[in-house]
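Could you put the whole structure together from the sequences, leaning on the hints where they help?
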Amino acid sequence: MKWFNDLKIRTRLMLSFGIVALFIAVVGGLAVFNINKVSSNSNILYEEGVKELEALQQFNSNTLHTRIEILNLINNGDISKIEEAKSKISDFRKQNDEILKSYDRAVLNDNEKQIYNDIKKELTQYRSESDKIIKLVSEQNYDEATKLSNESAKTRENLTNSIDKLVEHVETNANEINTSNDNIKSKFIKYMFMDIFLGFAIAIILGVFVTTITTNRLKKVLEYAKFLENGDLTHKININSKDEIGILAKALDNANDNLRNLIGEIIKGANMINSSGEELSATTQEVSAKMEEINEATQQISNGAQDLSTATEEVSASAEEIGATTSEIANRANDAATSVNEIKKRSLQIKEKATENIGEGNRIYEEKKLNILKAIEDGRIVNKVKSMAEAIGDIASQTNLLALNAAIEAARAGENGKGFAVVADEVRNLAEESSQAVLSIQEMVLQVQSAFENLSQSGEDILNYIGQHVKPSYELLMNTGIQYEKDAEFVDNITKEFAYSSKQINEVIDQINNAIQSVSTTAAEAETGSEDVLNSIGKINEAVNDIAKSAHSQAELSERLNDMVQKFKL
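For what it's worth, the numbering used here labels the leading residue of the sequence shown as 1, then goes sequentially.
If you are wondering where the hints come from, they were derived from the structure by calculation, not from laboratory data. These figures come from a predicted structure and were not determined experimentally. Positions of the beta carbon are idealized from the N, C-alpha and C atoms, including for glycine. Heads up, a few of these hints could be off.
[What the hints assert, rightly or not] For each label pair, taking beta carbons as the anchor points, the in silico distance ranges come out as:
(1) E360 x K187: 26 to 32 Å
(2) E360 x S186: 30 to 36 Å
(3) L198 x E342: 34 to 40 Å
(4) K345 x D563: 39 to 45 Å
(5) L348 x F227: 27 to 33 Å
(6) D164 x A201: 54 to 60 Å
Here it is as structure tokens:
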């Protein structure tokens with residue numbers, strides 16, 4: 001995982017949250033795909049199931065009405081109504097031909113094709129027998145017409161049985177589609193939970209891993225800052241990563257080395273100043289004790305002044321070097337502040353990106369929510385089919401009642417009502433078949449309603465999941481950006497304090513330079529006084545006093561400098 005540790009913090013966070021976003025996208029994609037598939041299967045169930053059943057029931061009804069018209073011609077014996085009956089029968093046949101054309105275009109399996117061919121064959125036979133009956137009626141040959149009508153009833157019964165077989169196949173296909181919808185729902189729920197669990201686990205692992213790495217490194221930087229605050233320069237951060245924190249750690253380690261060198265040079269300079277002060281003090285004591293050796297003392301003072309001048313030049317050079325080093329430290333602190341500002345800008349970018357993603361996620365959520373609700377609302381058309389089936393059932397019940405009344409009236413009529421009794425029996429059979437068909441349609445409508453209720457519940461569950469889990473994930477991303485910005489401000493404050501400390505060191509160096517200039521001036525004055533000492537003993541005494549004062553001031557300055565550098569631990 002070294003390559004992951006060396007990534008920039010911005011890249012590391014984007015990669016981690018990108019993986020989580022990928023799992024969220026997979027869950028959403030699976031949801032949309034399976035919902036569309038269930039919706040498509042439901043539409044197929046309606047288009048191919050319910051409509052086919054309606055068409056077959058209409059087909060059967062038309063053949064029955066044809067049968068009724070023929071029976072009316074036979075029983076009434078009214079030749080004048082033959083043309084009217086032919087016209088009605090022709091309309092029924094046209095409707096059935098249109099229904100058969102739709103099946104010619106449909107995709108049927110082998111069993112359905114066999115049943116369909118049987119229906120066409122039996123329909124052709126039934127129509128041929130019907131035409132013969134009409135011809136016999138027009139010739140007023142009612143006995144032959146009645147005989148052929150009874151044979152035609154058997155043909156129509158076979159036709160009705162074939163239609164019932166085709167209805168059973170349609171119902172079987174509808175049940176298979178409904179079972180397929182249930183399987184799709186089960187698989188979708190299984191895969192969705194697996195994806196959610198895997199995405200959640202990876203998000204937790206990445207979050208803990210990234211947080212641990214970043215927190216541990218920031219702790220090391222904070223511990224180093226505390227050591228630096230106490231003046232302890234013996235510690236290192238030792239972070240070898242190539243991210244922003246690793247770069248900051250290396251910069252602080254380099255600054256620590258430079259500061260140690262600076263303090264070392266200051267200590268050396270202070271020791272040199274202290275040594276020069278001791279020599280100067282000894283010289284003044286010797287001048288006071290041996291006034292009689294004025295020439296020799298004057299020469300010694302002159303030599304001492306020259307040595308002091310040389311020492312002050314060396315100390316001045318060291319002070320300049322220290323000043324340059326502290327300036328470099330200050331510049332590097334400013335560079336670190338610039339890097340921190342860059343980190344802060346990146347955190348703002350993360351926060352802005354999170355805000356943008358939250359807005360985009362809300363927009364997509366509302367859009368998909370409307371689409372799912374609209375699809376569910378469109379599916380409620382099945383209720384209309386249920387209402388139609390109930391209306392057909394009511395009509396069938398009324399027809400059955402009318403047929404029963406007709407049978408009673410035919411029984412009362414005796415021999416004259418036999419033909420009418422046959423018609424009433426056929427009508428009653430039709431009503432019973434219609435009632436059975438209505439029950440089948442109602443059962444299928446209930447299955448479709450159940451499928452749409454499952455679809456509705458699944459859609460609501462998906463919307464709730466997005467609202468409860470996906471949106472909080474985007475808010476967590478934005479909060480992370482805000483925390484990242486606060487961390488950048490914290491590091492920025494550390495660099496500012498470091499720059500401020502460097503500024504204080506520069507001020508101390510300036511004071512040292514001023515003191516050195518004062519010592520240099522004093523040394524020059526001492527050298528001038530030594531040349532004039534032969535002319536004025538009083539001036540020599542004054543010069544000795546001035547030198548003694550300068551030595552005392554130099555000693556105090558050296559002590560102050562030592563006190564300041566003692567705060568640092570090298």
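**Report entry** Numbers of unmet hints, in rising order
**Finding:** none
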